[in-house]
Amino acid sequence: MTEPVLSVRNVSRKFGALIASNNVSLDLRPGEIHALIGPNGAGKSTLIKQIAGGLRPDSGEVHFLGRDVTALSTVQRARMGLGRTFQISALAMEDTVLQNAMLGALGAGRRPYRFFRPVLKDRDLREVAETALDRVGLLDHAAIRTSDLSHGQRRQLEVAVALTLKPRAFIMDEPMAGLGASGSKRLTGFLDELRHEAPILLVEHDMDAVFALADRISVLVYGEVIATGTVEDIRNHAEVRRAYLGEDA
Amino acid sequence: MSRETIFNAVLALGLLLFPLWAYVADEPFMITLATRVAILALAGVGLNIALGLGGLVSLGHAAFFGIGGYAMGILAHHAQSYTPLMEVPFLIEGTKSMPVIWLVALAASALAALVIGALSLRTSGVYFIMITLAFGQMLFYFAISWPAYGGEDGLSIYVRNSFPGLNTLDPIQFFLIAYVILAAALMFAAMLAKSPFGLALNAARQTAERVETIGITPYRLRLTAFVISGAITGLAGALFADLNRFVSPSMFSWQTSGEIMIFIILGGVARLFGPVAGAALFIALEHVLGGLSEFWHIYLGLLLLAVVLYARGGIIGTLAGREVAHD
Amino acid sequence: MSFLLLIEQILNGLQFGVMLFLTAAGLTLVFGVMGLINLAHGSLFMIGAFAAAATAAATGSFVLGLAASLAAAAAAGALVEMLVIRRLYNRDHLDQVLATFALILIFSEGTRWLFGSFPLYLNIPLALSGPVTLPGGIEYPLYRLTIIAVGLLIALGLFLLISRTRLGVQIRAGESDREMIAALGIDINRLYTVVFALGAGLAGLAGALVGAIQSVQVGMGEPVLILAFVVIVIGGIGSIKGALIGSVLVGLTDTLGGVLLPETFKLFMDPASATAVGSALASMLIYILMAVVLIVRPTGLYGARA
Amino acid sequence: EPVKVGMITTLSGGGAGLGIDVRDGFMLAVKQAGNPDIEVVIEDDQRKPDIAVQLADRMIQSDDVDILTGIIWSNLAMAVVPSATAQGKFYLSPNAGPSALAGKGCHPNYFNVAWQNDNLHEAAGAYANSAGLKNSFILAPNYPAGQDALAGYKRMYEGELAGEIYTKLGQTDYAAEIAQIRASDADSVFFFLPGGMGISFLKQYADSGVDLPVVGPAFSFDQGILQAVGAAALGVKNTSQWNKDIDNAANKAFVESFEAEYGRLPSLYASQGFDTANLILSAMAKADVKDQDAFREALRAAEFDSVRGEFKFGPNHHPIQDIYVREVVQEGDVFTNKILGVALEDHADAYAGECKM
Amino acid sequence: MSLLSLTNVSAFYGASQALFKVSLRVEQGAVVALMGRNGMGKTTTIKTILRMLPAAGGELMFDGEDLRRLPSHKAARLGLGLVPEGRRCFPNLSVEENLTAAARPGHWDLKRVAQLFPVLEERRAQSAASLSGGEQQMLAIGRALMTNPRLLILDEATEGLAPIVRQEIWAAIATLKRETGLAILVVDKSLRELRQIADEAVVLQRGETVWHGAMGALTPDITDRYLGV
Ligand SMILES: Nc1ncnc2c1ncn2[C@@H]1O[C@H](COP(=O)(O)OP(=O)(O)OP(=O)(O)O)[C@@H](O)[C@H]1O
Ligand SMILES: Nc1ncnc2c1ncn2[C@@H]1O[C@H](COP(=O)(O)OP(=O)(O)OP(=O)(O)O)[C@@H](O)[C@H]1O
Ligand SMILES: [Mg+2]
Ligand SMILES: [Mg+2]
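Residue numbers (my numbering), protein chains in the order written: chain E, -18 to 230; chain Z, 16 to 342; chain Y, 66 to 371; chain P, 26 to 382; chain D, 2 to 230.
Just so you know, the hints here were simulated from the structure itself, not pulled from any lab data.
All clues stand as given, with none of them false.
The calculated DSS-like cross-link candidates involving lysine-lysine, where the alpha carbons are at most 27 Å apart (straight line), are: (1) E:K102 - Z:K209; (2) P:K381 - Z:K111; (3) P:K129 - Z:K111; (4) P:K159 - Y:K331.
Only chain E is shown next, with the shape it has when bound in the complex (with noise of 0.2 Å):
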């Protein structure tokens, strides 16, 4: 078995009496599509946020590329190869689609400190851009402010912004919320074919797209991993149908 490039060793956090995360383990395997899963305040969300590293763990310990990054910083995470999209959208509306395409090369650059040339000027910078703007279907959209971009298509520039970084690993919280069925579809295929770039853990509420693309799929209930195995594995689940699934599946 490969080393997994993402894993998540007893993770617990608490909020006040709130159990958010009870020891959870799970890890991302090079080319796989990891699901996460669970009810709604399941503590889905608390856990992207300790694996990209924008809250600590009370216990536990989060590996990254075979290091131990518990103790990193967001911004070190991001410097290691991590990409996250948000659940709520984190656009900076005012600038254009296209800026924000390049902000996300240029923190892949990691060279923000340059004060004089033109970032616009800066042709590698906007090729890896606008690649990824095409890749998600925005590119007829670049010079549009943000803020004019419908709410689906902001979800689209959400994944776009993570693609410029060229990440080692995709954590992706919720990326088809708001997409319509097409969309979806549509993002579907891209991620499907994403997952040979960079493994990706994926929290997603549109079963259709996780059974479609997951290799695996863990069950977080109260913060818990109640269960983790293939799309068959969780269909047919009882737990999981009942406290999550409910008839659908």
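Following the hints, complete the assembly by docking chains Z, Y, P and D with the ligands onto the known chain E.
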């Protein structure tokens, strides 16, 4: 060329031609007035880097303005009285040379901005406004009660400092010095806004979380911007002191911070020429209205109100319209 | 310094703190809860004091003066809100700064135009003048005790208004998303006019109450403005409790700093320069306090953690 | 060719009352003289040093004035006077008299028609001695004028000090200071708290139940302020080089005509503005302003009828004059001052010796 | 008379036109699905109805009243309950305060909402900012119900909800429709669920109504053309 660019060019040219006209028409005071506009605009250009680009609403930029002013005041005072500034551990003499004074003003205010910024940037939003105000006030009270350099009375430098090859006492020559520095600062600010740094800083203002997840530390971006901003405002302080041949703690007062900020808002926040337009309008109003009535502040207030209510985005915002920043 | 004097100075610090809260109460509502930067708060304070002084001079009644201060400032507040502030909620904070700065100019010079350039007379009513003896033998002006009582009552009232009433909930909701609260059926415009007028009225009342032991003159509002912002920010924006505690902290720091610092410096300096250095430091003290509080707790003592 | 006078004074904002009085006093004298050869330009400095400097530049560069005057505040004077006199203009101070300009920084073209800053405080110290005060508690704001004030008091005062406090500039609450006074064993209080600070202090002092005698310079007991302080000031002794009841013809005429012209009693500042204008007029009668040396001599002679009686300049161009003790009294509805006696006779300032010109 | 009717409504964001000719009709007690790809003007239509964006042209009526004459809060008070896109809970308010801030008396009260979304009851005193995404979504629905509207407008109200909750919400909507006769205008991406609940559908394309009719008449041909499924 966009409307804003045209407007900026007109403004830049106007600020140059007006004093030249005054020179020909032998109206030396008009030159002084234009010099004042240029210098205060320079202070605004400094603040605008923090405020417009970085979203760092500092109500403490008077601190840097004052430090620049006192850098000039103290150096010139010692040069004038032939007393060394410092004897141990090594001898430092005062000076009356502008370039030296400018360097000292830049360095001193940058250093102050580094310290104040490092502490203040732990906070954000309105808290940031208030903590910068607090630092400004500390320096204000310190300057008032520090007897060595005149306390509240300030320091008078009877003769303007010198610049190699120029007669700084000639209003038009001093104006040109200020104008060239302002132009340089504007060019720098324009470049900064378009640079990778500007892009990142501007994004950090809008969504700091995102900037972190792409591997850039917002705190460091902001601190850098704050230091650059403070240094430019400090340089303006040194020039302002030289214009008046006088420094006093009022340069440190929160009203000074407020005034610099008002120039920016009036002209247009985050607009390259915002501070220039704002300072020019404000000083012109002050000059014209001041003669009208004892209660001219009322007219000034009404005019400012009209600008806020009907000229969205300041003067430049109104004339140039909404455009995507730094394209 | 004797123990009793120390106690008295602590009392003075507390008293000064409550007085600060009183002057900041209106701002707490407008700035802390509605989220509007109102630099003209000091002007409303001044309007209250002038209205009280003019009315008291005309009628000889302090109580009527207080009523007038409340009414005049609230009316000015409502007017300003409807004509100016209303258009600025959806704008940048900076536009509010410029607009309310303009209002300061208009109010200050307008007041001078109406009342002249000289300070006005406003004094403590006879019934409240002079000192009373507190337990322990401390003589303390009755009027100041009254101010403490009024200040605490207003604190309590505001606290209940903001945290316990639906009105308070709606104001806070409006602060975070005006469009949304309107789309849920709340007339946020009228609500904000009322709240702004209330904040202005409180500022005016404070101006009258405090004006009776200070100088009623143009420009009296400016130092108040800065201090009011300081206490609210130290306490944490949006928190009435924070504002009260911030006020008391600032009051104590300022009073005790001014008394104790020069004494401390006298231990190792000659008296004259000790007084000078000590008081120089004392005048910076509240700003040092504010900076330290914000460095340690970037959203104030009781502010919501972002 | 007329003499052009540039007046830079504070006409807006909180400190406007003083500037307005100086201006009104000055213009009254100009009007009474009816001399068409004097032209006055008046500008508002907003009490900001940099604005004052700018106005001075303008008056010198564009308006081409011969004489500058009008500044109320020491810090503004320090900003304007040195460069104005260096550019060859006359400056006549109707109010501020910072020590720097009386001593080392004196200048042949600078004349002070009011007082050196320390004068009234020195007189207060002298009065304290004569009144048998032995243990004063003294306080002033922590800035140069405040430090000068306490220094001035102590220069003449011979008793002990029960306490010495510097308050914050612009302070409005004095509970802590009053508590310290109460706890000390002082037999009197001397304070210098100009403007609103003095009003606040006096009101709070009166309400505190402490009733030690109070001494101070005239600034906190001036006509413009007294009505705002009210009964709290009654009985306070204060020192001044002028009062409306000084018995001479010039003063009587001044007080009457001022009241008639403006509908209020003149203040100390009005008297100073009035004297300043008359000094200029007296010099104009003797010399052409363009002949600087002659005009300077004419000013130095100070041959005009000062409303304070005898008036002459010392070697540093600062007044040598009597300084009186006044008491705050009530006349009908109006609070005003009454002269008790002379505190210092023919008093010159302490810095004259340092002036070399 | 229809409860809500839009006829040829147009609207602008600044200078750019977002709606051209939107027409739709919601009858008393009916559930209407508003459909279209991303960026086609669904949310804009809803904003226009709620007077958050001025209508530049066309007719906009609710229950016989001309909405174009009313400010936002008056329009809402006629009985429009909005669950906005992106939730827009008041982050500085507690869950309970969010629910009560704009509550109007009627069928829905705290108790009923708590029955519908028990988790909200558990988080009653917590600030809305710290809720999970899905919890915020439930809060937004609860908040709209608390105003006891006659027409409930749901803009992507099931976005980010767990499948089981989504089923519950659809069930709840079905119950609402059945028992209270509440009219509903719903935007959602799940065609499957819309088919079960909606009576009628309106399809937007580039700010224009391009199709409307009974839900059953929405053939795969149409959904393929306009919705991309
Ligand atoms: N800062 C906080 N303080 C208190 N409670 C918190 C905080 N942040 C999150 N919580 C609580 O922790 C729980 C887990 O939240 P989290 O956002 O991780 O859920 P989630 O699994 O991502 O849910 P969803 O699918 O709805 O987004 C929720 O009940 C939430 O209310
Ligand atoms: N605030 C805005 N300013 C300018 N243009 C906007 C704004 N909001 C939306 N638009 C534009 O209006 C059009 C319609 O947007 P709208 O949000 O109504 O779409 P939608 O159908 O709700 O899409 P989605 O399913 O993605 O939410 C889009 O092209 C969008 O770019
Ligand atoms: Mg989540
Ligand atoms: Mg939408």
